[in-house]
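Residues per chain are reported as follows:
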Amino acid sequence: MKDITRRDFLKVSGTAAATTALASCGIKDDNADGEVDYMGHHDGPVPTDKMTYRTNPKQGDKVSLLGYGWMRLPNTKDEDGRDIIDQEQVNRLCKYALDHGVNYFDTSPAYCRGKSEESLGIALEASGYKRSDYFIATKMSNFSPSQYEFEEGKAMFERSLEYLKTDYIDYLLLHSIGGGGMNPVHQRYLDNGLLDWLVEQREAGRIRNLGFSFHGDVAVFDWAMAHHEEYHWDFVQIQANYVDWNNEEDKGRSGKYLYDELVKRKIPVVIMEPLLGGRLSKVPDHVVAHFKQRKPEDSVASWAFRYIGSKPAVLTVLSGMTYMEHLEDNLRTYSPLEPLTEEEQQWLEGETATLIKSYPTIDCNDCNYCMPCPYGLNIPAIFVHYNKCVNKGNVPESQQAANYAKARRAFLIGYDRSVPKLRQANHCIQCRECIPHCPQQIDIPREMQRIDSFVEKLKQGTL
Amino acid sequence: MLKKIRLTFAIIFWVLITWLLLDFTGTAQAYLGWMAKIQFIPALLALNIGALLFVVTLTLLLGRIYCSVICPLGVMQDFIAWLRRKKNKYNFSPAKNTLRYTVLVIACASLALGVAWLGGLIFPYSTYGRIVSTIFAPLYKLANNGLAAISEHYDSYAFYEVEVWLKSVAALIIALLTLGIIAVLAWKNGRTWCNTICPVGTLLGLISKQSFLKINIDADKCKNCHKCERNCKAACIDLDTHTVDYSRCVVCGNCLDECKFDALKLTSSPSTPSSCSQKADEGRRAVLTGVALLAGTAIAKAQAKVEPKTTDGGLADIVKKKKTRREKLITPPGSLSIRNLRSHCTACQLCIDACPNDVLRPSSSLDRFMQPEVSFEKGYCRPECTRCSEVCPTSAIHPVTVEQRTAIQVGHAVWTRDLCVPVKDEKPCGLCARKCPAGAIQMVPLHAGVHQDGWRWRDADGQEIPRDKVLLIPVINEEKCIGCGACENLCPSSPISAIYVEGHEVHKEI
Chain A
19 MKDITRRDFL KVSGTAAATT ALASCGIKDD NADGEVDYMG HHDGPVPTDK
69 MTYRTNPKQG DKVSLLGYGW MRLPNTKDED GRDIIDQEQV NRLCKYALDH
119 GVNYFDTSPA YCRGKSEESL GIALEASGYK RSDYFIATKM SNFSPSQYEF
169 EEGKAMFERS LEYLKTDYID YLLLHSIGGG GMNPVHQRYL DNGLLDWLVE
219 QREAGRIRNL GFSFHGDVAV FDWAMAHHEE YHWDFVQIQA NYVDWNNEED
269 KGRSGKYLYD ELVKRKIPVV IMEPLLGGRL SKVPDHVVAH FKQRKPEDSV
319 ASWAFRYIGS KPAVLTVLSG MTYMEHLEDN LRTYSPLEPL TEEEQQWLEG
369 ETATLIKSYP TIDCNDCNYC MPCPYGLNIP AIFVHYNKCV NKGNVPESQQ
419 AANYAKARRA FLIGYDRSVP KLRQANHCIQ CRECIPHCPQ QIDIPREMQR
469 IDSFVEKLKQ GTL
Chain B
72 MLKKIRLTFA IIFWVLITWL LLDFTGTAQA YLGWMAKIQF IPALLALNIG
122 ALLFVVTLTL LLGRIYCSVI CPLGVMQDFI AWLRRKKNKY NFSPAKNTLR
172 YTVLVIACAS LALGVAWLGG LIFPYSTYGR IVSTIFAPLY KLANNGLAAI
222 SEHYDSYAFY EVEVWLKSVA ALIIALLTLG IIAVLAWKNG RTWCNTICPV
272 GTLLGLISKQ SFLKINIDAD KCKNCHKCER NCKAACIDLD THTVDYSRCV
322 VCGNCLDECK FDALKLTSSP STPSSCSQKA DEGRRAVLTG VALLAGTAIA
372 KAQAKVEPKT TDGGLADIVK KKKTRREKLI TPPGSLSIRN LRSHCTACQL
422 CIDACPNDVL RPSSSLDRFM QPEVSFEKGY CRPECTRCSE VCPTSAIHPV
472 TVEQRTAIQV GHAVWTRDLC VPVKDEKPCG LCARKCPAGA IQMVPLHAGV
522 HQDGWRWRDA DGQEIPRDKV LLIPVINEEK CIGCGACENL CPSSPISAIY
572 VEGHEVHKEI
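Chains as they are written, first to last, in our numbering: chain A, 19 to 481; chain B, 72 to 581.
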């Protein structure tokens, strides 16, 4: 009986509850307080003490398999109608996560218009937990050439400590190396001596683990691996998921390649973007059915989390949980993790990945690294709308398409709703300032032109 | 009976024509566009012979029934008068003929002299159009936006949001003033406006004097109770002499209903003892009215600045565009020339309200007051759109097809060097050239000697320049430019665009 998994247990008890409910229907209520649990087994209370933990061998950190990415925070509006972080809700999410076993929080000086670290500092303090109860990860996010100076980098680190109300960082990352090849790495960390200084801070105990996050050019990853002896990366953060696990066109995207290289060197792996910014949960209806047919009670997202969490070298899986419901769902998935079977793994990497890739969505994870666009465009909103329409079948190929009139209306009206007119793709001047910022290497200006020309064809009726 | 039929038609006409003026989706235009085109002044300006013949014939047959049924301003006044639930509120008053004919002469002169907007201030259809478009259409759109928000919430595309903005303070003030004056007159004395000011009323009054069917009072049957006179909103029944001023009677039928002694009748000749039975007579009248109205229907059917980016997320501020100062006015495709628009447009605002791209707005210039003019701060004249030309009832804007419309040159683009992004910010741009639907803009190197060598760019010394560092500026082929304003509207330079359109006095096809 001890080997029974949480899901099995819940299923059994759920069936029992349902049977009881049916039997009592219309006759009498057995429950003392007169309430019947109609919600079934899946939406029972989220367990507080079942979280799966992984151990970082370096200092024995017991890290929760679910890590909280502090990037996609809920927003509210200030008096001028601008987005600001909804700190009250953020505090609730933080406390709830801690109460349910999450102990790894990942932020950056660049996230959320530069307000993420401060918000995390406030939320952690408000939670009432001790500093030793959780781990903080933040980054050296010196993206702009104006921040390449050594002093700028140093000041950035000191500011992080201040905002996070602490005197040490558990996990510090060189933020997103790989974009634009080795040049930026030299300019940001090597030539100015910043990386050497960070190594010193590690020795001084102000940084407990030093690592990097990687997107893009695999040559940079290979360089970092080749210099492992020199820098002793304590962990590395990569993007990995079942769709791109065996990506053969681009090794920099192939989770398997990156993961195996890290395992070879016994470096713990932190996973980011397990859902590709929602692209692996907001899927077309018949893909939803494809998942639900196997496990009707499990969310589509849970498959992505179980997939990547089943890799033994993964220390934690980061998720930017905007809503309480996301947090609850992910907590259930990892409290405790039910590892994938061999067959399930093949099913995800094989037919499921092929099915998802058959929809020509744009690889945007809605991370907002490209923003703000100096010409006022809302780039991620344009991509999110486009992808939504791709998944809903509202991107007709020609006027002969069966649902052309309906799809056209949905695309155009939805476009104006999702993106104000002055922030739409037709305002892109092709200045290319966004290109180095995109972790997914999207040729944003080209996509803007493509989407705009599609919109023009819809409007002019020349598709 | 006659009153009921008249009322039914009047309500149908009024509601539909009001919807036509309010509707911004183009749906109403497809079915109801003819309702605007049979209005007297629009038909006159458009030289719509069919519609003019219909109105004149109708008046010769039934008197000024046009004023009671087809004219939305007339029905609006009846509605306002009806709101004041009071019986016996009117009295006979003599016609103010000097005033009436003076106004008629001035109105005719304004058309003859090509300043149609002046007459447009009092022409009934344009007055009503202005009231609806400037006062009620914004409210209608706000209500629509409420529904759009709800339908967005339910992920439905049944309604979409439209922008509500004040297009002209002057037009709003004029509309509020005319509505105020007409409402007070209607509340107090019924059809005073129609019978003293309205030039269409005066003109049709001249015709209706000769009409076949008229209200006649049988002095023998009349008991001089004055009920008919007290309920005549046109104040045209003089019971002391038992006569009706047919130039002012709008054949509303109120008097017929009021008379308990059967002394008033709509007949072809002054009252003599009737040979037909009363019932048959009434029935024939009703049929006649209905047929006439239906026949009428059938005839009518024939930019931005930000600090260096160091953090992620957020939106750059957008500087709103300012109204461009132009040497020459731009008028919509189909309007032929500034002169044609000026002499044919009664400033009814129908096109301005219908423009889905927020390009048209009422002019504040005195020689073309409240007539539409084109500007591109909020949008541009999109190549697939011909809406203004479809809705115009007066031929101030002639109907054009999409193909014709994209070949009509209404103006040409002009470049302002100092504001252009490649010059000012030394950044590549070229948005105007990419978005020009006429292909009239090309990009050429800013600096002398820069040239293309196969796929590469080289400077004067032959040194290669990376593609994204080549600064190109737009040059305009004025012969191909149609003046649609895409370049001006989308230009990243804000609040003043680096490229803008100057209008042409006379349009031409390219």
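Simulated from the structure, these hints should not be mistaken for lab results. These numbers were taken from a predicted model, which means no experiment stands behind them. All residues carry an ideal CB built from backbone N, CA and C; glycine is no exception. Incorrect hints may have been included.
Cβ-Cβ distance ranges computed for the label pairs, FRET-style [said to hold, decoys possible]:
no., chain 1, residue 1, chain 2, residue 2, range
1, B, ARG397, A, GLU143, 27 to 35 Å
2, B, ILE536, A, GLY199, 18 to 26 Å
3, A, LYS477, B, ILE206, 12 to 20 Å
Derived pair list, reagent style SDA-like, types lysine to any residue, alpha-carbon separation capped at 25 Å [stated by the list, open to error]:
no., chain 1, residue 1, chain 2, residue 2
4, B, LYS579, B, THR338
5, A, LYS95, A, LYS80
6, A, LYS477, B, ARG396
7, A, LYS406, A, ALA331
8, B, LYS498, A, LYS477
9, A, LYS80, A, PRO438
10, A, LYS406, B, ASP429
11, A, LYS68, A, ASP101
12, B, LYS506, A, ARG426
13, A, LYS477, B, ASP429
14, B, LYS506, A, LYS95
15, B, LYS392, B, ALA504
So, going through the hints one by one against the coordinates:
{"no.": "1", "hint": "B/ARG397 x A/GLU143: 27 to 35 Å", "verdict": "violated (59 Å)"}
{"no.": "2", "hint": "B/ILE536 x A/GLY199: 18 to 26 Å", "verdict": "holds (21 Å)"}
{"no.": "3", "hint": "A/LYS477 x B/ILE206: 12 to 20 Å", "verdict": "violated (31 Å)"}
{"no.": "4", "hint": "B/LYS579 x B/THR338", "verdict": "violated (55 Å)"}
{"no.": "5", "hint": "A/LYS95 x A/LYS80", "verdict": "violated (38 Å)"}
{"no.": "6", "hint": "A/LYS477 x B/ARG396", "verdict": "violated (29 Å)"}
{"no.": "7", "hint": "A/LYS406 x A/ALA331", "verdict": "violated (34 Å)"}
{"no.": "8", "hint": "B/LYS498 x A/LYS477", "verdict": "violated (30 Å)"}
{"no.": "9", "hint": "A/LYS80 x A/PRO438", "verdict": "violated (46 Å)"}
{"no.": "10", "hint": "A/LYS406 x B/ASP429", "verdict": "violated (28 Å)"}
{"no.": "11", "hint": "A/LYS68 x A/ASP101", "verdict": "violated (36 Å)"}
{"no.": "12", "hint": "B/LYS506 x A/ARG426", "verdict": "holds (21 Å)"}
{"no.": "13", "hint": "A/LYS477 x B/ASP429", "verdict": "holds (16 Å)"}
{"no.": "14", "hint": "B/LYS506 x A/LYS95", "verdict": "violated (34 Å)"}
{"no.": "15", "hint": "B/LYS392 x B/ALA504", "verdict": "holds (20 Å)"}
Against the hints set out earlier in the document, violations occur for numbers 1, 3, 4, 5, 6, 7, 8, 9, 10, 11 and 14.
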